[in-house]
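A.B. asks: So the chains spell out like this:
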Amino acid sequence: EDQVTQSPEALRLQEGESSSLNCSYTVSGLRGLFWYRQDPGKGPEFLFTLYSAGEEKEKERLKATLTKKESFLHITAPKPEDSATYLCAVREKGAQKLVFGQGTRLTINP
Amino acid sequence: NAGVMQNPRHLVRRRGQEARLRCSPMKGHSHVYWYRQLPEEGLKFMVYLQKENIIDESGMPKERFSAEFPKEGPSILRIQQVVRGDSAAYFCASSQTGDNQPQHFGDGTRLSIL
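These protein sequence lines are chains A and R, in that order. Residues 1 to 110 (the numbering used here) make up the first sequence, in order. Residues 1001 to 1114 (the numbering used here) make up the second sequence, in order.
Hint data in this document are derived by calculation from the structure and do not stem from the laboratory. Please read all numbers here as calculations on a predicted model, not as lab measurements. Backbone N, C-alpha and C fix where the C-beta goes; we use that ideal spot for every residue, glycine too. Where hints are given, some of them may not hold.
[Said to hold, decoys possible] Facing chain R, a subset of chain A residues (Cβ under 10 Å, in silico): (1) T26; (2) V27; (3) S28; (4) G43; (5) F46; (6) T49; (7) Y51; (8) K69; (9) F72; (10) A84; (11) Q96; (12) G101.
[Claimed, not checked] Only some residues are given here: those of chain R computed to face chain A with a beta carbon under 7 Å: (13) P1039; (14) L1043; (15) Y1048; (16) F1065; (17) G1085; (18) A1088; (19) F1091; (20) D1099; (21) N1100; (22) H1104; (23) F1105; (24) G1106.
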């Protein structure tokens, strides 16, 4: 069965303090790894798709990377508006459903 | 805003009643997915539909739950004879095709069972 584990569960940073969120996965044939951002009371907002090991994607202060076993979401010089829960999900070959991790709750203090 | 629209945003039902949750996909999207987020748990897949067809219902409970996506109109997730354990946020997502396109989510329906 596909498994996705995110760490840490929660992370508090000061504004400008860079860090990384981890997503470890076990899947029988990765078709895609997806990162989402979720604000309280809202649905997940799509950020990135990564398809193969070595791939990287960037958007503003966020950069996602992928290896054969895990993905990292690097956040550089974060701002308070980056505070949210970040979700990682995988899709295995032959399936359309996403399997989500529990998320990392990120808080950026001004 | 042509995003995924879900209604109602909040729904309160008493035990034994029926709950109907609606989802209108993004314009041009013909693939719909339903997920459930229980308190303190992650998002769990329930069902995947295309117009008039259920493609994968492997995550949906066998009893009391059903889903449809008719030729015209929104997708409906129906829960019959609700119980306290059905209290959760139900999210709908849509994609343009099934070919590894990202799924875009609505803001969910929060279902509370009294």
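A.B. asks: Would you mind marking each hint as holding or not holding in the structure?
C.D. replies: Okay, the hints, checked on the actual structure:
no.	hint	result
1	T26	15 Å, violated
2	V27	14 Å, violated
3	S28	15 Å, violated
4	G43	4 Å, holds
5	F46	5 Å, holds
6	T49	6 Å, holds
7	Y51	8 Å, holds
8	K69	19 Å, violated
9	F72	19 Å, violated
10	A84	14 Å, violated
11	Q96	5 Å, holds
12	G101	6 Å, holds
13	P1039	12 Å, violated
14	L1043	4 Å, holds
15	Y1048	5 Å, holds
16	F1065	16 Å, violated
17	G1085	19 Å, violated
18	A1088	14 Å, violated
19	F1091	5 Å, holds
20	D1099	9 Å, violated
21	N1100	5 Å, holds
22	H1104	6 Å, holds
23	F1105	4 Å, holds
24	G1106	5 Å, holds
Hint check: violations occur at hints 1, 2, 3, 8, 9, 10, 13, 16, 17, 18, 20; the rest are consistent with the structure.
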